[in-house]
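**Student:** Just so you know, the protein sequences line up as chains A and B, in that order. Residue 2 in our numbering sits at position 2 of the first sequence, with consecutive numbering throughout. Residue 506 in our numbering sits at position 408 of the second sequence, with consecutive numbering throughout.
Source of the hints: derived by calculation from the structure; they are not laboratory data. Some hints could be false.
The calculated lysine-lysine pairs, modelled on BS3-like cross-linking and capped at a C-alpha distance of 30 angstroms, are [to be verified]:
id : chain 1 : residue 1 : chain 2 : residue 2
1  : A       : K3        : B       : K211
2  : B       : K254      : A       : K3
3  : B       : K200      : B       : K211
4  : B       : K254      : B       : K211
5  : B       : K254      : B       : K154
6  : B       : K550      : B       : K177
7  : B       : K451      : A       : K3
8  : B       : K200      : B       : K177
9  : B       : K435      : B       : K506
10 : B       : K177      : A       : K3
11 : B       : K175      : B       : K200
12 : B       : K307      : B       : K332
13 : B       : K177      : B       : K506
14 : A       : K3        : B       : K154
15 : B       : K254      : B       : K332
In this text, all values refer to a predicted model and were calculated from it rather than measured experimentally.
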Amino acid sequence: MFKPLPHSTDASVPVVVNGAAVSVPAGSTAAAAMLLGGAGHTRSSALSGEPRAPYCMMGACFECLMEIDGEANQQGCMVIVREGMRIDRQMGKREVRE
Amino acid sequence: MITAFDLAIVGTGPAGMAAAITASELGLSVAVLDEQPEPGGQIYRGVERLAISRAKHLEWLGPDYAAGLDLARAFRKSKIEYFDAAQVWQIEPVENGRLFYKRNGVTGILNAKKFLIAPGAMERPMPVPGWTLPGVMTCGAAQTLMKANGLAPEGKFVLAGCGPLLLLLAAQLLRAGVRPAAILETEVHRWAALPRLPGFLAAPGYLGKGLALLREIQSGGVPYHKGVTHLAIKGDTQAREIEFACSGVTHSEPVDLVLLHQGVVPNGNLAWSMRLAHEWDDAQRAFRPVLDAQGRSSNPAVLVAGDASGIIGAKGAQAMGQVVACAAAIDIGRISKQEVNERAIAAHAELAKHRGARPFLDTLYRPAQQWIAPRDDNTLVCRCEEVRAGEIRRLVLEQQCPGPNQMKSFVRCGMGPCQGRLCGLTTVELIAECRGVLVQDVGYYRIRSPIKPITVGDLAALDVPLRSDAVNP
Ligand code: FES
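Chain A extracted, bound-state conformation:
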């Protein structure tokens, strides 16, 4: 759905998107990494199970809820990638965690 633009000297940050290694520009958000990794949908609705994906990229819509480093319900468009970050789809209802 998205591709990197040329003419960038941003360093690359290796992350793992849905189990696959992806390199994303430094300063990117986890939601951007998902889109760059061609994830299609990034979560499924907790109610109907229908697929959803980031919509606003500015923290308003909460469509980008995903699992980051194993922690569910993270707002992917508000999290900046770090080396080795594991970014996974969040399917269905979040698990209740303490």
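Chain A is fixed; fit chain B with the ligand onto it per the hints.
**Tutor:** Just chain B with the ligand, lined up with the frame of chain A:
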């Protein structure tokens, strides 16, 4: 111990940055908080980074974007305490009240005599059939991906809706060599806007820039469909096809990505959570906080600047940031009205110019009824709780559900994680339409803090009592 400031500013877009610079120059002790890791807000998002590692992108995004760099640099130099990546989730709207934020996973509290909020704008929700499918985003989202992440759409994509941001994005992408498959422009109201042209012309640069954008899009060879009256996005697990109608003919095109836009509206949840008095701005079809000419709200502890006060654009927001910071300094007693006069008058004049351009733009791009109160019963209005337009209509017509807060208790509309940000305006427009009353008589959701996601653990880690009565009377 809680650090105390004269003024706490929320937001580092043009209004917040300008307010911070002015307030510090006037001798106030200032805390500035913003949820992003770098200053700029959405409009100047990432501008400092681009100057370093993506100069070409800065050129593509254009001089109005690059102008944010000077402001960001001045902001960095100003004597303020800047809390970057800090999400403000509650403010006690009283003088010497507390502001609660979360930063690096830790909850913090600070104290301020006054609060100046500048949370900016967000895109107006544009509920059309299929808008929740992956492969449907907003024009602003694509622009953010370009600014903050250096990404551009791939495959066949269209821009659908109307407004300056849509045209700007098309031009910015074309400069980067990325061509939209089409622009599907919903009806614009040229004739109605015409009488408001003088104010627009009086604001320097607006007309020239608008025309230049249109020329760029035209010479880029993007198919430009005008007067679109119907849109529907189709697909199983992903947008695959867009259906649109103009001049009475329905078309259908395969797509990979649809970028929607129907103007911007104040980002209101923080102001609502503090119970500031609001009014309906019918020209902008949105609620805005009731303010005096200096940005003072109905609550003496709170001032509002920038697009959150009603849409005024980046340059207007910057001027208003200065105006409101002057008012805050006077109210706090740091400086007399006379001492600040010259500065305030200049900022006021600048603000008035940019405000003067709005009536033309507001009328030209006023969203038609079908984009804000979807015709098709099956269209999702509340994306979080999956409430459809037909359900809302049925509850109003058959169950006499009178307003948005009752709608919450009926079907949890607006009660999901986005706290009504993406359904609030649509819900109240639908209710008003069904009841045959004005939107201002329907009102808005009661928004409660925390307005940002915090966990029970975050709350437990706070070793102070929450005076929630100050916020949720
Ligand atoms: S994409 Fe909307 S909140 Fe993240």
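**Student:** Taking the hints in turn, state whether each one holds.
**Tutor:** Status of the hints after comparison with the structure:
At roughly 47 angstroms between alpha-carbon atoms, K3 of chain A and K211 of chain B are farther apart than 30 angstroms, so this suggested pair is violated. For the proposed pair K254 of chain B and K3 of chain A, the alpha carbon gap of about 13 angstroms is at most 30 angstroms, so the pair holds. In summary, the hint linking K200 of chain B to K211 of chain B is supported, as the alpha carbons are separated by about 20 angstroms, within the 30 angstroms threshold. Between K254 of chain B and K211 of chain B, the direct Cα distance comes to roughly 52 angstroms. Violation of the 30 angstroms bound is thereby established for this hinted pair.
The hinted pair formed by K254 of chain B and K154 of chain B meets the criterion: a straight-line CA distance of about 24 angstroms does not exceed 30 angstroms. Straight-line distance between C-alpha atoms of K550 of chain B and K177 of chain B comes to about 28 angstroms, which keeps the hinted pair within the 30 angstroms bound. Among the hinted pairs, K451 of chain B with K3 of chain A is inconsistent with the structure: their alpha-carbon atoms are about 39 angstroms apart, more than 30 angstroms. For a cut-off of 30 angstroms, the pair hint linking K200 of chain B to K177 of chain B stands: about 23 angstroms separates their Cα positions.
A C-alpha spacing of about 46 angstroms is found between K435 of chain B and K506 of chain B, which places the hinted pair above 30 angstroms, so the restraint is violated. For the hint pairing K177 of chain B with K3 of chain A, the CA-to-CA distance comes to about 39 angstroms; that exceeds 30 angstroms, so the pair is violated. For the hint pairing K175 of chain B with K200 of chain B, the CA-to-CA distance comes to about 24 angstroms; that is within 30 angstroms, so the pair holds. A distance of roughly 35 angstroms separates the Cα atoms of K307 of chain B and K332 of chain B; the hinted pair therefore is violated under the 30 angstroms criterion.
Taken as a hint, the K177 of chain B and K506 of chain B pair is broken in the structure, with Cα atoms around 44 angstroms apart against an allowance of 30 angstroms. Under the criterion of a C-alpha separation no larger than 30 angstroms, the hint pairing K3 of chain A with K154 of chain B is consistent with the structure, at around 16 angstroms. Annotation: proposed proximity of K254 of chain B to K332 of chain B holds, straight-line Cα distance about 14 angstroms (limit 30 angstroms).
When each numbered hint is compared with the structure, violations occur for hints 1, 4, 7, 9, 10, 12 and 13.
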